[in-house]
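Using the sequences and the accompanying hints, generate a full structural model.
Going down the list, the sequences are from chains A and B.
Heads up: the first sequence begins at 645 in my numbering, then just goes up one per residue.
Heads up: the second sequence begins at 12 in my numbering, then just goes up one per residue.
Don't read these hints as lab results, they were simulated from the structure.
Just so it is clear, CB atoms sit at the ideal spot from N, CA and C, and this is done for glycine as well.
Take the hints with a grain of salt, since some may be wrong.
[To be verified] Below, in silico cross-link-like pairs of lysine-lysine (PhoX-like), each with a Cα-Cα straight-line distance of 20 Å or less: (1) K82(B) x K770(A); (2) K788(A) x K818(A); (3) K680(A) x K770(A); (4) K100(B) x K110(B); (5) K788(A) x K819(A); (6) K770(A) x K80(B); (7) K680(A) x K100(B); (8) K819(A) x K680(A); (9) K694(A) x K680(A).
[As the list claims (entries may be wrong)] From the derived model, a few chain B residues whose C-beta atoms are all more than 12 Å from chain A: (10) A18; (11) F131; (12) T148; (13) D162.
[Unchecked claim] Using C-beta positions, here's what the derived DEER-type ranges look like: (14) P683(A) x D47(B): 21 to 31 Å; (15) A751(A) x K82(B): 34 to 44 Å; (16) T801(A) x N14(B): 32 to 42 Å; (17) E747(A) x A18(B): 51 to 61 Å; (18) T801(A) x F132(B): 42 to 52 Å; (19) Q133(B) x L656(A): 19 to 29 Å.
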Amino acid sequence: MMRFILPFVVFLVLSVFLYIGLGRDPREVPSPLIDKPAPAFSLPLLHDAKKQFATEDMKGQVWLLNVWASWCGACKDEHPVLMDLAAQKIVPVMGLNYKDTREAGEAVLSKSGDPYALTIFDADGKVGFDYGVYGVPETYVIDKQGVIRDKIIGAVTPQNLRDRILPLVAELNKK
Amino acid sequence: MKNFLIALLLILPTFAYAGEAKDLADDPVMERRMIDLAEKVRCLVCQSENVASSHSDWSNDVRQIMRDKMKAGASDQEIMDMLVERFGKSVLFDPPVDKETMPLWAAPFVMLLLGIVVLFFQLRKRRETVLQVSELTSEAQTRAANLLKEDNK
Chain A
645 MMRFILPFVV
655 FLVLSVFLYI
665 GLGRDPREVP
675 SPLIDKPAPA
685 FSLPLLHDAK
695 KQFATEDMKG
705 QVWLLNVWAS
715 WCGACKDEHP
725 VLMDLAAQKI
735 VPVMGLNYKD
745 TREAGEAVLS
755 KSGDPYALTI
765 FDADGKVGFD
775 YGVYGVPETY
785 VIDKQGVIRD
795 KIIGAVTPQN
805 LRDRILPLVA
815 ELNKK
Chain B
12 MKNFLIALLL
22 ILPTFAYAGE
32 AKDLADDPVM
42 ERRMIDLAEK
52 VRCLVCQSEN
62 VASSHSDWSN
72 DVRQIMRDKM
82 KAGASDQEIM
92 DMLVERFGKS
102 VLFDPPVDKE
112 TMPLWAAPFV
122 MLLLGIVVLF
132 FQLRKRRETV
142 LQVSELTSEA
152 QTRAANLLKE
162 DNK
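Quick look at the structure:
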């Protein structure tokens, strides 16, 4: 009897592990920056090179930092989701236009709408690098004390917005 | 014909050979040092490839940052620490042994131990079966011997 049960149990255990493995994205590297202070920076805005955005300005607010670029395909997928979010005015979303040109970045926003409270222009990607960006789009949830609380690698979808981002924002806003 | 095709297949890898991603550098010694270091860093956007050999945009950036840091006088360790701080230990091809990576390092040995235990029980069981066979009654043994003899004819 044992000789049938044992391989079957091994098979079951293996199946469970493989099944879990299937659902996981190997590209998604858990960020070591979660629960660490968001790297401080000051950069010019996309629309106006003379104006600066500094992370200091956001102290006392829960906000999202959305890293995007005109050359990024998945950014187009998440764009309508961000537009919806912006219309609801729940949380300010700052755009970080990453390794892009001003013309291309501005063209996207004027053509398909601007979901961002402000768009920060990170031409050489130095700030992106400090935030551990390796695949665009990436979205950071930053709390009132300026600590990174979550990072979404890949597009913001109605699902992860509803189940992951908004509950966290609501919780952080209570503090 | 078959041999010719095999020979052709053997040549194939020489065509597919791709050197390390080339970058312009004014200092060949530093460039060498940078490449040596970049070989230990995983390219996060390509999987199973190191930053030295990857042509991806992200790897290009990492190499450039390594160069800048080296020019500024940073040590290899400082550069590695900086990368781990931003991207986590998974950027290292050779992750350090610590609390978090212990299961990873221990897994092969646990598997080996499991294998040895299974093997031990299997062998013991087999010995028991062998012993049982030799414990046949003399009557059965003669019958078995006769059957074997018939078989050999």
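Verification of the hints:
{"no.": "1", "hint": "K82(B) x K770(A)", "verdict": "17 Å, holds"}
{"no.": "2", "hint": "K788(A) x K818(A)", "verdict": "10 Å, holds"}
{"no.": "3", "hint": "K680(A) x K770(A)", "verdict": "18 Å, holds"}
{"no.": "4", "hint": "K100(B) x K110(B)", "verdict": "12 Å, holds"}
{"no.": "5", "hint": "K788(A) x K819(A)", "verdict": "8 Å, holds"}
{"no.": "6", "hint": "K770(A) x K80(B)", "verdict": "13 Å, holds"}
{"no.": "7", "hint": "K680(A) x K100(B)", "verdict": "16 Å, holds"}
{"no.": "8", "hint": "K819(A) x K680(A)", "verdict": "17 Å, holds"}
{"no.": "9", "hint": "K694(A) x K680(A)", "verdict": "30 Å, violated"}
{"no.": "10", "hint": "A18", "verdict": "37 Å, holds"}
{"no.": "11", "hint": "F131", "verdict": "15 Å, holds"}
{"no.": "12", "hint": "T148", "verdict": "27 Å, holds"}
{"no.": "13", "hint": "D162", "verdict": "28 Å, holds"}
{"no.": "14", "hint": "P683(A) x D47(B): 21 to 31 Å", "verdict": "28 Å, holds"}
{"no.": "15", "hint": "A751(A) x K82(B): 34 to 44 Å", "verdict": "36 Å, holds"}
{"no.": "16", "hint": "T801(A) x N14(B): 32 to 42 Å", "verdict": "55 Å, violated"}
{"no.": "17", "hint": "E747(A) x A18(B): 51 to 61 Å", "verdict": "54 Å, holds"}
{"no.": "18", "hint": "T801(A) x F132(B): 42 to 52 Å", "verdict": "50 Å, holds"}
{"no.": "19", "hint": "Q133(B) x L656(A): 19 to 29 Å", "verdict": "21 Å, holds"}
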